[in-house]
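Assemble the complex: chain C is given as a structure, and chain L must be docked to it using the hints.
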Amino acid sequence: MAAATHAVHHAEIGWVGRYIFSTDHKMIAKQYLLNGLFFAIFGGIIALMFRVHLAVPDAGILAPERYNSFVTMHGTLMVFWVAMPILLGFFGNLTIPLMIGARDMAFPLLNMMSYWTFFLSSVVIMASFFVPGGPFAGGWTGYAPLSVSTGMMGVDWGINLWVLGLALEFTAVLMGGINFIVTPFVMRARGMSIMRLPLIIWMVVIASLLFMLSVGPLIAGAFLVLFDKNFGTHFYLVTAEARGDPLLWQHLFWFFGHPEVYVILIPGLGVICEIFPAAARKPLHGYHHIIYATIFAGVLSFMVWAHHMFVAGLNPLAAVGFSITTIIISVPFLVIVVAMGLTLWGGSLRFNAAFLYAFFAYCIFIVGGLTGLQLGATVADIQLHDTYFVVAHFHYVIFASVILATFAAVQWWFPKMFGRLMNETIGKIHAISTFVLFNIVFTPMFILGFAGYPRRYAGYDHIPFLQGWTWLNDLASIAGILLVLVQFLFVFNFFYSMRAGKKADKNPWEATTMEWMAPSPPPHLNWGDTAPVVDRGPYEYATDEADYEPQGRLIALSSGQQPVASHQPPATGH
Amino acid sequence: MPIMPDISTHGFWLDWSLLIISLVTLAVAILSFALIIVAIINFRQSKNPKATRHMSGWITRLIILDIAMIIFDIIIAVYSTAGWGQTILKSEESLIREYGEPVYVKVIGRQFFWSFNYSGADGEYDTTDDFQLANELIVPEDRLVMLHMTSGDTIHSFFVPHLRVKYDVIPGRETRVWFVAKESGEYPSICTELCGLGHYKMLANVNVMEQDAYQRWLDTRMVTLGAR
Numbered sequence: 001m002a003a004a005t006h007a008v009h010h011a012e013i014g015w016v017g018r019y020i021f022s023t024d025h026k027m028i029a030k031q032y033l034l035n036g037l038f039f040a041i042f043g044g045i046i047a048l049m050f051r052v053h054l055a056v057p058d059a060g061i062l063a064p065e066r067y068n069s070f071v072t073m074h075g076t077l078m079v080f081w082v083a084m085p086i087l088l089g090f091f092g093n094l095t096i097p098l099m100i101g102a103r104d105m106a107f108p109l110l111n112m113m114s115y116w117t118f119f120l121s122s123v124v125i126m127a128s129f130f131v132p133g134g135p136f137a138g139g140w141t142g143y144a145p146l147s148v149s150t151g152m153m154g155v156d157w158g159i160n161l162w163v164l165g166l167a168l169e170f171t172a173v174l175m176g177g178i179n180f181i182v183t184p185f186v187m188r189a190r191g192m193s194i195m196r197l198p199l200i201i202w203m204v205v206i207a208s209l210l211f212m213l214s215v216g217p218l219i220a221g222a223f224l225v226l227f228d229k230n231f232g233t234h235f236y237l238v239t240a241e242a243r244g245d246p247l248l249w250q251h252l253f254w255f256f257g258h259p260e261v262y263v264i265l266i267p268g269l270g271v272i273c274e275i276f277p278a279a280a281r282k283p284l285h286g287y288h289h290i291i292y293a294t295i296f297a298g299v300l301s302f303m304v305w306a307h308h309m310f311v312a313g314l315n316p317l318a319a320v321g322f323s324i325t326t327i328i329i330s331v332p333f334l335v336i337v338v339a340m341g342l343t344l345w346g347g348s349l350r351f352n353a354a355f356l357y358a359f360f361a362y363c364i365f366i367v368g369g370l371t372g373l374q375l376g377a378t379v380a381d382i383q384l385h386d387t388y389f390v391v392a393h394f395h396y397v398i399f400a401s402v403i404l405a406t407f408a409a410v411q412w413w414f415p416k417m418f419g420r421l422m423n424e425t426i427g428k429i430h431a432i433s434t435f436v437l438f439n440i441v442f443t444p445m446f447i448l449g450f451a452g453y454p455r456r457y458a459g460y461d462h463i464p465f466l467q468g469w470t471w472l473n474d475l476a477s478i479a480g481i482l483l484v485l486v487q488f489l490f491v492f493n494f495f496y497s498m499r500a501g502k503k504a505d506k507n508p509w510e511a512t513t514m515e516w517m518a519p520s521p522p523p524h525l526n527w528g529d530t531a532p533v534v535d536r537g538p539y540e541y542a543t544d545e546a547d548y549e550p551q552g553r554l555i556a557l558s559s560g561q562q563p564v565a566s567h568q569p570p571a572t573g574h
Numbered sequence: 001m002p003i004m005p006d007i008s009t010h011g012f013w014l015d016w017s018l019l020i021i022s023l024v025t026l027a028v029a030i031l032s033f034a035l036i037i038v039a040i041i042n043f044r045q046s047k048n049p050k051a052t053r054h055m056s057g058w059i060t061r062l063i064i065l066d067i068a069m070i071i072f073d074i075i076i077a078v079y080s081t082a083g084w085g086q087t088i089l090k091s092e093e094s095l096i097r098e099y100g101e102p103v104y105v106k107v108i109g110r111q112f113f114w115s116f117n118y119s120g121a122d123g124e125y126d127t128t129d130d131f132q133l134a135n136e137l138i139v140p141e142d143r144l145v146m147l148h149m150t151s152g153d154t155i156h157s158f159f160v161p162h163l164r165v166k167y168d169v170i171p172g173r174e175t176r177v178w179f180v181a182k183e184s185g186e187y188p189s190i191c192t193e194l195c196g197l198g199h200y201k202m203l204a205n206v207n208v209m210e211q212d213a214y215q216r217w218l219d220t221r222m223v224t225l226g227a228r
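Listed in order, the protein sequences are those of chains C and L. Be aware that the first sequence starts at 1, since it is given in this note's numbering, and climbs by one per residue. Be aware that the second sequence starts at 1, since it is given in this note's numbering, and climbs by one per residue.
Hints should not be assumed to be uniformly reliable.
[Said to hold, decoys possible] Mimicking SDA-like on lysine to any residue, the simulated pairs with C-alpha atoms at most 20 Å apart in a straight line are:
id, chain 1, residue 1, chain 2, residue 2
1, L, K90, C, V320
2, L, K50, C, P550
3, L, K50, C, F351
4, L, K201, C, A55
5, C, K502, C, V491
6, L, K50, C, E545
7, L, K47, C, P464
8, L, K90, L, D15
9, C, K428, L, Q45
10, C, K506, C, R350
11, L, K201, C, E545
12, L, K50, C, E549
13, L, K201, C, P464
[Unchecked claim] Here are some chain L residues pointing at chain C (derived, C-beta under 10 Å):
id, residue
14, R53
15, M55
16, R61
17, Y79
18, Q111
19, Y167
Just so you know, the hints here were simulated from the structure itself, not pulled from any lab data. As the structure is a computational prediction, the values presented were derived from the model and not from experiment. The beta carbon of each residue, even a glycine, is placed where N, CA and C say it ideally should be.
One chain only, chain C, in its complex shape (with noise of 0.2 Å):
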């Protein structure tokens, strides 16, 4: 039986292999996409109430309790539930096979094992709502040891739930990192050589690692959480019989949390670098130096973890090194930026809607990366530390990467999900609203940070010295509610356009990389009878023969060669 064999006509895979329990790349990409999408509207909605919170305090829409909780789950749940899917689960696993010319990733069973235990993930943090005392609320650094303690903070069972959740999580992005890591040394195309990978698979590769090298501690530490909270340890918590040390649990965050900043940041420009070229219609500018610079970028993410606490009760002396540290962190991300900002120079540029989300994106970033100088300086962080002026800043440098970078991927790989484009129109005024109303939000805040606003505070209206600048807190909150209003154009966009909109060929967007010479959608494992094969660069346009020349083709099977799902030979020579 021939049909048996070949792979390519999957007709006994049953509806629950295809749309639940798939081992396919471009399925797991979607329920990571999905997954990620409900977290992201629901933090939204979570961030909408305790800003309608702090625009009318006497309303009574939340308890002080819940405040926390709010403002903590927001935190966890926007970095870990929304950015770690969709920045690595999603973009890993859509675009890794179809941009390197594999049919599947190295283990595709690992990467299912991925999803589902990142959907037990999201049942366990869901579940802490639903739990007496409510879900965490010590903010989502967890700073022990207000975090172990149910007398002091408050909760009880939504502390473990945390811990557990979070394990969970890292387990899943764990199994899919192994896949991002493995698949594109091993399973490349012919011809597709390392310095011929797409930025976004290097990004993604290297955010993988990243968070590889620095979850660890992170996750004993947590573990250790548990024990203070359950067992009666004294790892954090100093009480009279036993002292434990605060500030343990700080480093182990922080050493794992900024390595994690980037890998969720890192994956976002790596979305801008493939949509820039393709609407500017030129290559990439500096390729090699945005790829070395990122490498050098994630290394030194280890070496910075204590700009977080300059004020912390650390050695004062210790700061100086972290903060000469921080402050060179500038340069490769100079590099990043200047390569981007060149790469639309001398272009011809075409404004559609995932350009448009790249291109605020990159707008968003610079003004982020900028002002994380005045936080690493010293002595200016004293004043601004725990400030309005941190949340502002880390919005700038998230929002970009996270929302916007994941608006543009979607708008630009929906094709390749769906085989239909996402509406333009829509894209558009979606893409310009949340640009202008996210700057009407978080611009104040830089202000605020100035006069000293503190975060994570339920009201301000009991402290005399802050009344001069309510306003722009008001104002804040009122474009922050209207910033999560828009957010549902897109809702409806990505809906509407999967059941309705325009039918897309294989290369809408005239763009070089593989995923392109693959049909919309790509069917199961890819490339049906043909084999890709790469002879170029992956950003070849405006070439003297043409206006772009796609990376690679798609060249038959030889017959009696079989299409195979995995432990495709790697790749050899140019």
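Below, chain L without anything else, positioned relative to chain C:
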């Protein structure tokens, strides 16, 4: 600048650091966005239908930019390290040499109030003339004030915006901050490390008195204690 007026002797280090970095980054941002706007206007498809594949000289420009960034980084690092050395890092001995004998106060943060412990007339703690104030720190102006801080439960952070003082208060450890207030008056202090439900209500008042008034207050305090 929306920053609160500075009444400390060390605050100018912070303010200048903030001002310099903010102005330079603002200039960089304005320049970048000007170039970006020029790019998107000049290089839109309708105006520039054919993209230029090769751009010469950009590596040189990138290297120049990098060198400019590195120089700016060095300025920030040197300036802020100097400021750090003059504020948080400064040793007690050199402070005493500069400002004379300090006023010591022990600060204890608890959910959700501050207590400020004074050693009384004998200058020693754990004696009968110790006294403490809740949510009110009274200090003299133009004198060195050393706060030795610890926490009774979880981590708090003692922030006095006008004094440019912010430092975490940690259970099981003692942290130290100092300041010299130049102007008398009442200044707010807030907690800036999430410490639980009442975090946002954990306020205290820093009352900077003229030296005579401070001495009078201290003497009355002693008399009351003696009478008790």
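- Query: At a threshold of 10 Å, is the proposed contact between Y167(L) and chain C supported by beta-carbon distances?
  - Reply: At about 5 Å, which falls below the 10 Å cut-off, the nearest Cβ of chain C leaves the hint on Y167(L) intact, so it holds.
- Status of the hint placing Y79(L) at chain C (closest C-beta pair under 10 Å): holds (8 Å)
- Pairwise hint evaluation, V320(C) against K90(L), where the allowed Cα distance is 20 Å at most: holds (13 Å)
- Query: Taking the closest Cβ pair, is M55(L) under 10 Å from chain C?
  - Reply: Because about 6 Å separates M55(L) from the closest Cβ in chain C, which is inside the 10 Å limit, the hint holds.
- Item | Restraint status (C-alpha distance of K47(L) to P464(C) at most 20 Å) | violated (55 Å)
- Interface hint compliance - R53(L) to chain C, C-beta minimum distance less than 10 Å: holds (4 Å)
- Would the pair K50(L) and E545(C) pass a check requiring their Cα atoms to be no farther apart than 20 Å? With a Cα-Cα distance of about 13 Å, the restraint between K50(L) and E545(C) holds, given a limit of 20 Å.
- Task: Mind checking the alpha carbons of K201(L) and A55(C) for me, to see if they're no more than 20 Å apart?
- Result: Holds, because 17 Å separates the two Cα atoms, which is no more than 20 Å.
- Message: Interface hint check: R61(L), Cβ to nearest Cβ on chain C, cutoff 10 Å. Holds or violated?
- Response: With a closest approach of 8 Å, the R61(L) hint holds.
- Query: Can the restraint linking K50(L) and P550(C) be considered satisfied, given a maximum Cα separation of 20 Å?
  - Reply: holds (18 Å)
- Message: Hinted pair, alpha-carbon criterion (20 Å max): K90(L), D15(L). Please report holds or violated.
- Response: Cα-Cα ~18 Å, so holds.
- Item | Hint status (Cβ of Q111(L) to nearest Cβ of chain C, threshold 10 Å) | With Cβ-Cβ at 6 Å, under 10 Å, it holds.
Violation of the numbered hints given earlier is confined to hints 7, 11; the remaining hints are satisfied by the structure.
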